[in-house]
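Colleague: Chains as they are written, first to last, in the working numbering: chain H, 1 to 231; chain S, 1001 to 1467.
Among the hints, erroneous ones may be present.
[Unchecked claim] With beta-carbon atoms standing in for the labels, derived distance ranges:
no.: 1; chain 1: H; residue 1: Gln73; chain 2: S; residue 2: Ser1424; range: 33 to 43 angstroms
no.: 2; chain 1: H; residue 1: His71; chain 2: S; residue 2: Ser1424; range: 28 to 38 angstroms
no.: 3; chain 1: S; residue 1: Val1379; chain 2: H; residue 2: His71; range: 42 to 52 angstroms
no.: 4; chain 1: S; residue 1: Glu1313; chain 2: H; residue 2: Lys81; range: 55 to 65 angstroms
no.: 5; chain 1: H; residue 1: Asp70; chain 2: S; residue 2: Arg1461; range: 54 to 64 angstroms
no.: 6; chain 1: H; residue 1: Asp117; chain 2: S; residue 2: Arg1308; range: 53 to 63 angstroms
no.: 7; chain 1: H; residue 1: Leu94; chain 2: S; residue 2: Arg1461; range: 20 to 30 angstroms
no.: 8; chain 1: S; residue 1: Asn1360; chain 2: H; residue 2: His71; range: 51 to 61 angstroms
Derived from the structure by calculation, the hints contain no laboratory data. Owing to the predicted nature of the structure, the values given are computational and were not obtained by experimental measurement. No residue lacks a Cβ here, since even glycine has one placed at the ideal position from N, Cα and C.
What follows is each chain in one-letter form.
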Amino acid sequence: MSDVKTQSSKGKLTKEQKAAAAAERKRVKAENLREQHSAKLQAAEARLRQEGDALRAVRERIRRHDALSDHLQTFYGEVDKLAKGNRQIEATNLTVEQANEIIRDAKAIVTGDTYLDRVKEFVPAGENPVYPDVLMVAATVQAAVRRAGPVLKEEEERLHEAWRSVGTIAAAARLILDSGQQPLKAEVEEALGEKPATQWFYRADDNQFYFNIDQFDRMAVESLLGAATEV
Amino acid sequence: MTEDRQSRLLEGVSQYDVDFVNPRLGVDIPLGIDPFLLYKSRDPALRRLHQQVLDVFNAGIKSVARGDLAEARRILDFPEAGEIGFGYTQGGKRGSGLGDRLSSLLIETVVDSPSLQLRGVKHVEEMQLLSAGIGPDRVSDIAANILKRFLIEYTRRQCQLWNVPMRSGVPVSHVFDPLLCEWSDSYEEMPVSPLDGSPILLVPRRWVRSLPWINYDDFSRTEFRAYLAARHQKARVNRAAGAASASYGRKQDVVTVTRSDIALVERYVQARERRAAEAVPELHYIDEDATRQAEALLARLNACPAGREHAAEYQRLVLEILNFLFNPDLIDGKLEEATAEGTERRDMVFTNDSDESFWNYVRTEHSGLFLMFETKNTVSLDMAAVNQTATYLGDRLGRLGFIVTRHPEGDAVRRKLFSVWNDSSPRKAILVFADEHLKELLALRGAGKSTTKWVQQHYRRFRTAVQ
C-alpha cells in the first residue's frame, strides 16, 4: 500500500495497482467475514449443546413424571381399597415406605409447588400412619403431579423452540462456511434434521426461502443467540 | 401430705421422682417382685438375673429328682425377705417362721410331680399353680433371696444418689453366691430402719406388681376353666354312662391336677409369654397426687437459675423430672460427670425398657437400649454442646440423645443438629428439651396422660424439619 502511495505522490496509480488494492481489500473483508462466521458458528454450537442438555433434562423429567403419575394412580387405588372401612388401622411398613418414596420422587420432579412443598415424608417412629392419612397425602401428591404435567410440557416446548432456533443458526453458519453461499431453507432443514425456525428466513424474488445472511452478519453473536433463545 | 408419707425411708422426695419403691417404715407395701418383668426386660443384665433365679431353682429341682433332698433343702431355702418391705399383711410387717415352711412346700410339690422334675420350671411363678401354699408373696421372697446381692448393690447406689444415710457393718442374712452356689450371711453398708435397725433393701419400680403376671387367679379363670369345660363335657357323657364326676372348688384340688398334667401349666405359661407386652409394672401403690408433684417440680425448675454454679442442682432436678415423666419406661437413671477437654459434662443415662411402640422403635432404629440426657444449665446452647453430645452417641449409648437445657436452640444450633443427622452414618439424632418442653411434659404427666406420645411427636417434628 505504501508503494502505491509513493506512486500516487509521484503521479496517479496504475489501473493494475488500483485493481490489486481493491482485490486485497476484498480478500481481507472476506477473510474477516469468514472469521466472524466461524466465531458465530462456534458460539452457536456451544449454545446448542447447552440447549440440548436442558431439553434432554426436561424430557427426562417428563418421562419420570409420566411414570410417577401412573404409579401414583395405582398406589392411590390400592390404598383407597385398604382405607375403606379401616379408618383407624395402621398402614403396613411397605405402604409407608412406598408413600415416602412417592413423596421423594414427586419433590425431585415437581418444583415450586406450594402444596407439595408442605407435604413431608411420614416418620412412623413406632406407629405407622392410618390408611386414610396415607390416602390423603397420596391425593395431595397426585394433584401436584397432575398440575405439573402441563407446566413441564410448556417448558419442553419452550426449550425445544430455543434449541431449534439456535440449531437453525448453527446449521446455516456451517453451510455458509462450507459453501460460501447463502443457504436455502430446505438445505438448513436437511442439516438440522427437522424444520428450522422460520424467523431466520426470508422469501426472495425467486420465491425461494433463503437464510437471512444480512441479519446474521449484522448482529453481534450475543444479540444473535439472545434473540434465538427468546422464544 | 398423707400420714404414710411421713414414714418413708426417703423423705422430701416424691415416689414419682425415684427409680425404686420408697419403703414405708414399719409397714409392708402390698407389692411383690415379679420375676416375669425381669424375663421380658430388654436389658440383658436384667434377663441374666432372671436366668440366675431359674438356674438356682432348677438346681433344687434336679436335686429332688436324683433323690438328694438334703441338697434340695439347702438350695430351695427362701426365708421371708423382710428387707424389701413388701407383703400383703394389712397395716404391718409380715410374721416370721414361714421361711422353712416354704422350703418344705416347694420340695413336697416337686416330689409329688414327676413331670415337674423332668421339665423344671421356666418361671418360678409356676409354683403358684402347683402348690396350694405358694402365692405371690412367696414368689417375691424367692426372687428377693436369690437376687439379694444385686439388690444390695442397687440399694447402695441409690442411697449414694439420693443421700440416704447408710450404716456400715449391717448384718444381712442369706445372700446367694451364684459362683459358689451357696447361701451365706454378710455384713454390708446399708440403710437401716430407724424403728428397729433392720436392713432395708430397695427394689426397682420396674420389677414390682401387686400380682405376678403368671398367677393362680388368672390361671384358674383361663386355662383351667377351659380344661374344666372340656372335662365337664366329658363328665356329662360319663354321667350318662353312670360314672362319678369330680369337683375342683379348692386350690388343693386344682394343684392335684396340675402336678399330674404339667401340660396345663405349660400352655398357660406360653399364653402369658405371648402377651408379655401387657405385663407392666404396678403404679397404683403410688398414693401421691401427680398433679401436685408436677406443679412442685415445675416450681423448682422455674426457681433454679441458669449458670454453671447451679449446674449440679439443675442436673439433680432434671433427674427427678425425667424419673417423674418416664419411669417405668425409662429406668435406672445414672448420673455421670466428667470433664472432657476442659468442658464440664453432666449427663445421665437411662435404660430404655419400655413396651411402648415409640421406645421400642428407638431401640431398633437407633440402638437405643441406653439413652443419654445431657444437661446444659444455660440459656444459650452452643455448637460445642452439640458436638460433645454427638461424640458420645454410638454403639454404647445408642444414636438418639437428648440435650436438656433452659431455652430452645437457635437457628445456627438447629442447623448443626440437622447436619449431625445428615452427616452421620448410621444417623444420629439429638433432640433438645427446653424448659417450655418440660413444662408441657409435666402437665401431661400430672394429668395422667402419655408423655411418650409427646416425645414421639417431638421426634417426628425433628425428622420432618430435617427433610
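Colleague: Tell me, in ascending order, the numbers of any earlier hints that this structure violates.
Modeller: 5, 6 and 8
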